[in-house]
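K.L.:
Heads up: the protein sequence lines correspond to chains Z and Y, in order.
The first sequence: position 164 = 164 (the working numbering), numbered continuously.
So the number in the working numbering is just where the residue sits in the second sequence, counting from 1, plus 790.
No lab work stands behind these hints: they were computed from the structure.
Wrong hints could be hidden among the right ones.
[As the list claims (entries may be wrong)] Below, a list of computed lysine-lysine pairs in the DSS-like style, where the Cα atoms sit at most 27 Å apart:
| no. | chain 1 | residue 1 | chain 2 | residue 2 |
| --- | --- | --- | --- | --- |
| 1 | Z | LYS402 | Y | LYS902 |
| 2 | Y | LYS1129 | Z | LYS431 |
| 3 | Z | LYS767 | Y | LYS862 |
| 4 | Z | LYS436 | Y | LYS862 |
| 5 | Y | LYS1129 | Z | LYS582 |
| 6 | Z | LYS327 | Z | LYS233 |
| 7 | Z | LYS602 | Y | LYS1129 |
| 8 | Z | LYS585 | Y | LYS902 |
| 9 | Z | LYS633 | Z | LYS667 |
| 10 | Z | LYS719 | Z | LYS205 |
| 11 | Z | LYS586 | Y | LYS862 |
| 12 | Z | LYS349 | Z | LYS335 |
So you can see what is in the structure, the chains are spelled out below.
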Amino acid sequence: MEETEKDRNIRILHSGVFTPLRRWATKWSLWPCHFLTSCCGVELAHTGACGYDMERLGTLNMGISRQANFIMVEGTITRKMARALRIVWEQMPDPKFVNVIGACGQRGGIFWNSYNITRPSDIVPVDFFIPGCPITPESLLRGVRAVQEKIEGRDNTTMRFKHVELPSGDGEQEQNRAPTTPKIFAPTPLVRVDVSRDADWAFGKDMVKNLKAQLNGLYTSITITDKNRIAIKTMPENLVETSRKLSDTMGVDHVKSVNVIDVPHERKFMVEYMVSGYTEELMPVILTIFTEIGREAEPEITSLASLWESANYSERELHDFFGVQFKGNEGMKGKFLLAPDTPDTPLRKDFKLEEEHYTIEEGVPLTPAITPPHYTPPSSSSSYSEFELEDLKMPTYEDVLKEAEKNDEFVAFIGPHHSGSGHLRWVMRMKGDIIKDVIPDPGYVHRSMEKIAENRLYIQNVPLTERPNISDPINMNLGYVRAIENALGIEVPERAMYIRTIMAELSRIGAFFYDMGIFPLFMGHSTGFMYSFAIREMVLELMVRMTGSRCTPSFIIPGGIRRDISDDVLDRTRKFTTAIYKRLKKYENIFVYNPVLISRMKEVGVLTREEAIRCGIVGPFLRASGVEYDVRKAEPYEVYDKLDWEATTGDAGDCLGRIFGRLEEIKQSVEIVRQAVDAVQGMPRGGVISEEILGDYKAASDDIRGYLYNVYGNLVLPKGEWTSVTEAARGTVLYSIISDGESNVPYRVRIITPCWMNLRGIIEASKGERVADFWTVYASFGYFPPEADR
Amino acid sequence: MTEMINTLMETVMSNQVSIPLIEPMLDSLPEIPMLQYMVAFMLWKPLFALLICPGLTVGGITLLFFPWIERKLCGRAQWRVGPHEIVWWLGGVIQLLADSLRFLFQEVIVHKDAHRPYFLQFPFLSFMIFLLPLLFIPAGTIVAIQTPYAIQIILALVCLFPLFILGLGWASNSRFAYIGTVREAFMYFAYEIPFIMAVIAMIILYKTSDPLLMASRQSIPGIILNPVAALVFFIGAAMATGRMPFEIPDSDQELCAGPHVEYSGIAFGLIYVLCYEKGYILSALMTILFLGGGSGPAIAGLGELSGVFWFVVKTYLVLTTLYMLRAVYPRYRLDQGLKLGWSPMLCLALIGLAISLVEVGVMAI
């Protein structure tokens, strides 16, 4: 029998006279290679932190592949990351072991029909798969034990389930087995961005008048599409002129989102820029400038990146997605977010994803026939051995190297496998100890969320939207759900609004502590990491008690929350608001007020107010540079306007300011939670889902279980574009849903996450700093690659 | 032949470690053939120093268990337990044994771009060189080679260490190793001068550079006589061993362990313990210079081993302090480290020298 790679590693251990010693030593010294590939890394960090303490098993997380002997592949391996995974595996000395954690690594999990993911088992030999989305730290530790037992030669870790024969043929049963409502795609959808809607908005009407006067002759139409939303239609040739006018006269200074909508049956692309300004009256307003261009092979439009730099990376991303050339943007040559071998222009409507098909035949129950994408059935020889190392070259940036050589600069390629890179790659050009330029190479966790969202029911997208950022799931969900509620005009019950606020703020605290745990790690300060994650563990426990899930609750649904939460959980949350201060104090003492830290962060990576706005950074980082923009204040949602709290702003704009700002924000969030819990405790229980959306299923207003698809399966949004902005932990998250009014799936979902906008800020802030400062700047922005890449 | 053996035995017997506790046992030994000679050799002071303390046995124990102690203590400081499951009833004490055995049995990769001969020989060579200072370090009154220039020789050997790290980095031929090597060179120059000056201050103070005499002249420990020099020495030691605030050359998150990024298997295992070796030697040196060497209340029955005991205790105390810095401090930037070395530490070292001179002057009066 042919020997497989997997067995080879075990055989190496079982050869020679020292076999028992070898086995024993390897068993207790499995050093995992610090190879973060996806969002399961959050739970891996928890396993390493003080709550679970992986080091108990002798499993010391090691940053360097040459010295490790164990890879834990954390979830999704995208096409871009596949190369990195194989290279890291090749670099490791024998004998080596691979565990794949998370559902994405097995059959793709929630992203099973994505165009950009591969299977780790096709790339490297895998010893164990650990299921879960995300895995819990307990199961991760169990995976380590499984490898240990395998080394010992025992295999009693595989769980064997008793086979249960399901009764069939019962009529009632069959009805329950129909998994979802069939998806309805309109054959010729009517895609409109500027659907007029009456809104009680006097300022907007004045503004439209003002705009019409200013843009005389440049616009085709100006419409109020909703409260705080104005759509301006213009011709492609007038786009730059319109934008310049807006920028000069109205004070519009940043781009919130760039979007392209493909309308194949009308032979056109719609290109839209959502812009706004950080002046007091313009803060909540989003102006959508859109234009239509012909759907040719090489569509072209003038780039606005020279006017608003914040549009730069989004334009490059859309060039990857749709093949639209933005003239004037320098990054239009190669691919930016996608891998070289990803299909071209995947977000065009004529690129179809694999789908679940339900065959309906007479007398036969609905049976799904699923063909996973990019899946070749395993042949007799395993497919990873056919991988040629020559195929695994990553882009080398020849022109950058040449230019650097000319200028006597040193170039280092950092990441994606690097203990201080996260899941993306940096090309750093330095002269001596000074950074000249940093070129980002993102997209290592691009899982095509926008394309998948176009192929799922509205309600099925709720779990999807929290996957980009499982360290801040509630706020990610909230944005998407609010866009739907806004479109349908649903009033959420007050109790549900308060509970949503509590959960959103807890989630924000959790995300801050995640960032502020990774920050110390980048400075080599593991104690700060441990303390921070200990506090985060408290937040996660509350989450578990409320929703039943540590990181991915999917608890917020259109019209309310899934089910009411009990009084003792509220009591516990109330206690948490006082208990957190004691630990926070310890964390501050060991890390934030550490003299070494202060000397490293102060006046490092400074972004002035103007620079911050120009780069388009968002959230606490923008506020640290002195812009008083908080969506919760500017355009209050949920119950933020009923509670007493303050938005924090600073004016230093350096790394220290960004840390202090977030520490202050944690305290404000704790205050919000306290007030909201007090308010909820005085309310009658029950009724957490809006009756408007429940329709005939009024009984489900306390608990949606059992009725979810009945209520939400055929949700159809009114025609038009529905945009919501939400203040997530790391900044403004923008969801823009385009509905054609007929299909029960969205026509296009545009997700702009804060980290994607902050990427530009990281580059700008680190230029001219010292090499070691790059990690200070990078970590101070709380960059979370899965969130940025979506 | 017999004469030769007799002369040899005379030399050996004249320089024995006296341990009253085991003397009755030694007296009964002549009944067993050959054993008395072997025991006599073992208790011969130079050989005892080489094989037991501060040499092979204590050094080996330090290398094998100190990383464990460090991991355990840091674990306590970080609200967790550290290595535990391997022998749970001893708190995972043999964790490092498993790690080192794993390294020993693992593949050693020499990558294509490396300079193969140097890449392979530097880890082993540096491990040897790093052990040499132990020949001159006395544990209590026991020393392998006694010379009035011992401190200078130790210092010269200690200052040789970074050259081998440079060699490792150069032979690796990797970008991160290159940056790390350059950083190592920079840091070397920054700490070396204040470090040497702190030692010179103590030589001036004790008016000798024989470690045995130095220890005997510390009726008041050197750390009280000249705290400034002690501080400079301690910071210098932290810089030389690359401990946390100064883990600049091999910073894990920035440079993936800098000079030794490309090493694997036993070659890395040796490099991994290098910094513990360095730490052990510098702690021993600090014990001699500032903490009175092996002096301490005599323990009945142990005789000369009493000095050895106090020496080891003090050395481990310094070593623990040095390694616990990791739990408290993050790391400095390169320029901050250099600034610290070239300005405050240099000034402090000069002040330390001045203090020594003044004290010597006062004592002369």
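K.L.:
Give a verdict on every hint.
P.N.:
These are the hints, each one checked on the structure:
1. LYS402(Z) / LYS902(Y): 23 Å, holds
2. LYS1129(Y) / LYS431(Z): 20 Å, holds
3. LYS767(Z) / LYS862(Y): 40 Å, violated
4. LYS436(Z) / LYS862(Y): 41 Å, violated
5. LYS1129(Y) / LYS582(Z): 36 Å, violated
6. LYS327(Z) / LYS233(Z): 20 Å, holds
7. LYS602(Z) / LYS1129(Y): 16 Å, holds
8. LYS585(Z) / LYS902(Y): 51 Å, violated
9. LYS633(Z) / LYS667(Z): 17 Å, holds
10. LYS719(Z) / LYS205(Z): 22 Å, holds
11. LYS586(Z) / LYS862(Y): 20 Å, holds
12. LYS349(Z) / LYS335(Z): 20 Å, holds
Of the numbered hints given earlier, the model fails hints 3, 4, 5, 8; all others are met.
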